[in-house]
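We have chain F already, so just place chain C on it with the hints.
There are 2 protein chains.
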Amino acid sequence: MEIKDHRDLERLVVEKDFKTLRSELPNLQNADVAHLMEDLSLEHVVIVFRSLPKNRAAEIFSYLSSDMQGHIVDGITDQEVGTIINQLFVDDAADFLEEMPANVVKRVLKSAAPDTRALINQFLQYPPESAGSIMTAEFVDLKKKMTVHQSFSRIRRTAFDKETVYTCYVTDANRYLEGIVTVKRLFLADDDAIIEDIMETNVISAHTTDDQEQVAQLFAKYDLLSLPIVDHENRLVGIVTVDDIVGVIHQEATEDFQKMAAMAPSEKPYLKTSVFTLARHRITWLMILMVSAMITGGVLKKYEMAFIAIPVLVTFIPMLTDTGGNAGSQSSTLVIRGMALNEIDTKDFGKVILKELGVSAIVGISLSFVNFLRLIWMYPGNILMPLSVSMALFATVVLAKTVGGVLPLFAKAINTDPATMAAPVITTIVDAFSLIIYFKIVTLLLF
Amino acid sequence: MEIKDHRDLERLVVEKDFKTLRSELPNLQNADVAHLMEDLSLEHVVIVFRSLPKNRAAEIFSYLSSDMQGHIVDGITDQEVGTIINQLFVDDAADFLEEMPANVVKRVLKSAAPDTRALINQFLQYPPESAGSIMTAEFVDLKKKMTVHQSFSRIRRTAFDKETVYTCYVTDANRYLEGIVTVKRLFLADDDAIIEDIMETNVISAHTTDDQEQVAQLFAKYDLLSLPIVDHENRLVGIVTVDDIVGVIHQEATEDFQKMAAMAPSEKPYLKTSVFTLARHRITWLMILMVSAMITGGVLKKYEMAFIAIPVLVTFIPMLTDTGGNAGSQSSTLVIRGMALNEIDTKDFGKVILKELGVSAIVGISLSFVNFLRLIWMYPGNILMPLSVSMALFATVVLAKTVGGVLPLFAKAINTDPATMAAPVITTIVDAFSLIIYFKIVTLLLF
Numbered sequence: 000m001e002i003k004d005h006r007d008l009e010r011l012v013v014e015k016d017f018k019t020l021r022s023e024l025p026n027l028q029n030a031d032v033a034h035l036m037e038d039l040s041l042e043h044v045v046i047v048f049r050s051l052p053k054n055r056a057a058e059i060f061s062y063l064s065s066d067m068q069g070h071i072v073d074g075i076t077d078q079e080v081g082t083i084i085n086q087l088f089v090d091d092a093a094d095f096l097e098e099m100p101a102n103v104v105k106r107v108l109k110s111a112a113p114d115t116r117a118l119i120n121q122f123l124q125y126p127p128e129s130a131g132s133i134m135t136a137e138f139v140d141l142k143k144k145m146t147v148h149q150s151f152s153r154i155r156r157t158a159f160d161k162e163t164v165y166t167c168y169v170t171d172a173n174r175y176l177e178g179i180v181t182v183k184r185l186f187l188a189d190d191d192a193i194i195e196d197i198m199e200t201n202v203i204s205a206h207t208t209d210d211q212e213q214v215a216q217l218f219a220k221y222d223l224l225s226l227p228i229v230d231h232e233n234r235l236v237g238i239v240t241v242d243d244i245v246g247v248i249h250q251e252a253t254e255d256f257q258k259m260a261a262m263a264p265s266e267k268p269y270l271k272t273s274v275f276t277l278a279r280h281r282i283t284w285l286m287i288l289m290v291s292a293m294i295t296g297g298v299l300k301k302y303e304m305a306f307i308a309i310p311v312l313v314t315f316i317p318m319l320t321d322t323g324g325n326a327g328s329q330s331s332t333l334v335i336r337g338m339a340l341n342e343i344d345t346k347d348f349g350k351v352i353l354k355e356l357g358v359s360a361i362v363g364i365s366l367s368f369v370n371f372l373r374l375i376w377m378y379p380g381n382i383l384m385p386l387s388v389s390m391a392l393f394a395t396v397v398l399a400k401t402v403g404g405v406l407p408l409f410a411k412a413i414n415t416d417p418a419t420m421a422a423p424v425i426t427t428i429v430d431a432f433s434l435i436i437y438f439k440i441v442t443l444l445l446f
Numbered sequence: 000m001e002i003k004d005h006r007d008l009e010r011l012v013v014e015k016d017f018k019t020l021r022s023e024l025p026n027l028q029n030a031d032v033a034h035l036m037e038d039l040s041l042e043h044v045v046i047v048f049r050s051l052p053k054n055r056a057a058e059i060f061s062y063l064s065s066d067m068q069g070h071i072v073d074g075i076t077d078q079e080v081g082t083i084i085n086q087l088f089v090d091d092a093a094d095f096l097e098e099m100p101a102n103v104v105k106r107v108l109k110s111a112a113p114d115t116r117a118l119i120n121q122f123l124q125y126p127p128e129s130a131g132s133i134m135t136a137e138f139v140d141l142k143k144k145m146t147v148h149q150s151f152s153r154i155r156r157t158a159f160d161k162e163t164v165y166t167c168y169v170t171d172a173n174r175y176l177e178g179i180v181t182v183k184r185l186f187l188a189d190d191d192a193i194i195e196d197i198m199e200t201n202v203i204s205a206h207t208t209d210d211q212e213q214v215a216q217l218f219a220k221y222d223l224l225s226l227p228i229v230d231h232e233n234r235l236v237g238i239v240t241v242d243d244i245v246g247v248i249h250q251e252a253t254e255d256f257q258k259m260a261a262m263a264p265s266e267k268p269y270l271k272t273s274v275f276t277l278a279r280h281r282i283t284w285l286m287i288l289m290v291s292a293m294i295t296g297g298v299l300k301k302y303e304m305a306f307i308a309i310p311v312l313v314t315f316i317p318m319l320t321d322t323g324g325n326a327g328s329q330s331s332t333l334v335i336r337g338m339a340l341n342e343i344d345t346k347d348f349g350k351v352i353l354k355e356l357g358v359s360a361i362v363g364i365s366l367s368f369v370n371f372l373r374l375i376w377m378y379p380g381n382i383l384m385p386l387s388v389s390m391a392l393f394a395t396v397v398l399a400k401t402v403g404g405v406l407p408l409f410a411k412a413i414n415t416d417p418a419t420m421a422a423p424v425i426t427t428i429v430d431a432f433s434l435i436i437y438f439k440i441v442t443l444l445l446f
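First to last, the protein sequences are chains F and C.
Each residue of the first sequence is one higher than the one before, counting from 0 in numbering that gives the first Met the number 0.
Each residue of the second sequence is one higher than the one before, counting from 0 in numbering that gives the first Met the number 0.
Honestly, the hints are just simulated from the structure, not real lab data.
Fair warning: this is a prediction, and the values are worked out from it, not measured in the lab.
You may find that some hints are simply not true.
One copy or two, either will do: identical chains are not told apart, so a pair holds if it fits within one copy or between any two.
Claimed, not checked - Calculated cross-link-like contacts (lysine to any residue; reagent style SDA-like; alpha-carbon spacing at most 25 Å):
id : residue 1 : residue 2
1  : Lys18     : Thr200
2  : Lys267    : Leu39
3  : Lys183    : Glu137
4  : Lys3      : Gln68
5  : Lys161    : Glu199
Just chain F, with the same shape it has in the complex (with noise of 0.2 Å):
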């Protein structure tokens, strides 16, 4: 039979069929042995994992979560946690660690080798979302003065625990990076070239301390599928890999969505993540962005005698509130996520604001008119009325406008996430002053 979900593979576990699971299982891609593995109940996820071809035992646990990375070592010998820790790559292994409680993390590294304990002992020092923290240390170095031949026998002979091979490092006899070489390069050059002659030596490379999206961005200008991390004496370190940043790139857009709707960021799956957590994740913004709209709520008393006088007024306040909150978060949004791609800076302070002011003049003056038409034709003979409205909103969108491009770019002058100024505090911000000019322009005009 064939494994086509976890119901599957459970009952080849109680029917205990190990033969059928053993033969099964190597027709399953390694990142589909792991889905299945997180859906089956705990007590067989052990016998699972120990049926698993022993070549890529280490490879799935790499995919597991950390729940059940966890579970698994709680269930397994010491010699099995050195065999997979061993095995694992040493990115792999500590970001495993750095989820686990203490005592696991001192039995893992108990059971590891000596020389695996003390690379991932450096590992776990980087800081998180570091360069350091998603690099690997498992690359090619080849000498300058090798030839191509040599290179080739030197790449076959070590590629078997390399996480790439098709970027070769060239360093000197103190780990300084002089060049890269690529497979394919080596492909296109005769047996006999030195790897001096084909190298690449205007080499990009990044800091174990740079910040993993400024690491993403480089991949993307680049188009890069490697690149080599070096440490604060330019020695080579490690390398960055692709299959890394395509994961780097995921999170860091899942932290700006969450931190524009005024959350504290997670990288869990929301529905792994229990609702207390959720909670605690949610409130502190939602009560700060509350208190300041009580505040907003205290400029209404100010002109109370203003809609006693007209109720009608305060009808208007939704769709005031709304429109501004909304036109200041359409502008937020373009420029925050412009900075994270790079393509808009602080020095565009200027530019920002010219292009925000024409758009929002068009969009204004629009809103406002159609506006102006539904109110003389619901309250016939009344044009200032629906003058004042219309005038309030023109200066709703051209504020919320201006102020949604512009703090952004101020948040990140002053080195605050710009992801902060997104549509909620746009939107508190811009209810109390659109309020204000709205009953300014209402006293002036009606009273």
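Chain C alone, transformed into the frame defined by chain F:
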């Protein structure tokens, strides 16, 4: 002198120092040369383009914006156009031509070699944002009876004009895909091993008409470097490489950011988009939402007597609607993003409702409690008014989070883009209902 920015480049052209230009340009990365060219004055662009190293001109061309590509094509001879188009990878050529006016497309295709022209024409027929539109036709194909040694010879002979050589595709006489073999696997095998014995037959592939977002999800899930693309008869027609996927992931996230802020999506960078286009992308949704908010305002009219009697009730409207909007957009953002990352599906409907009810209970009680304390402190001696405002706030949070969590799932169930069910729409819907609840509670408790 070294070329550091576009002014250095400009100066070399103005001073007609072509010797330095030709000697310095090779020291720059392709992406950086393209970036500098974007900032040149238009009359100098063609001069710089003609000074580029011949073997890199096409690749630098592929990094340029379509405006700049069009300008260059207008300024060079048909023969030069032919050289560029024949050297471009066919996916880059198709991307370029898609943005050109008809007369330019005609001239370019006329200048291309016949087989290139046929291939480009085929690529131009794939739907935009499909796997076919981002794939490349330049891959290494092997036959299953070849030895590893023969395979290496074939790769070395054909590597020059292939986009990637690191995954090779094993096809039969009818171009059916029989398996894949990576160069790493070839390195690890003996020279006389037969491809058939070492190739991977359990191959992940996609269809030419599949959406690029699905393709990107396959890369993320399986850590792929390239993916074979097959036609409707399951014949191999091209491959997608991971460097193009990095662009797709950025583009898809940007589109979601834009849709979630109530804008028509656009690929063009903000600073390069005209004020008129920006306004056009924003106005439709603003208009729809403004009219909807007017309806919300209409709701308030029914309760005029309440706020004429107790005017302070009006001052709580911004706090209620803003908190409702923020609470709802937190939930909708997490669910929309979860669906984009394939972590949440319509079948998780029940789980999402339960989570949001739980979260909104915790968040709603906390916010209402703080709000209640603040109101009995500000309006001492009055219990019913603080109580009714806090009850309305609690109901608003629960309603907002449930609606925010459920509407994106509902959108997907009826085949609409979940990203449209984001903050702006949620806010408008929740506003109306929260104000009705507020005034219902108020009239019940205070009158």
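Violated constraints from the hint list, given by number and in increasing order
none
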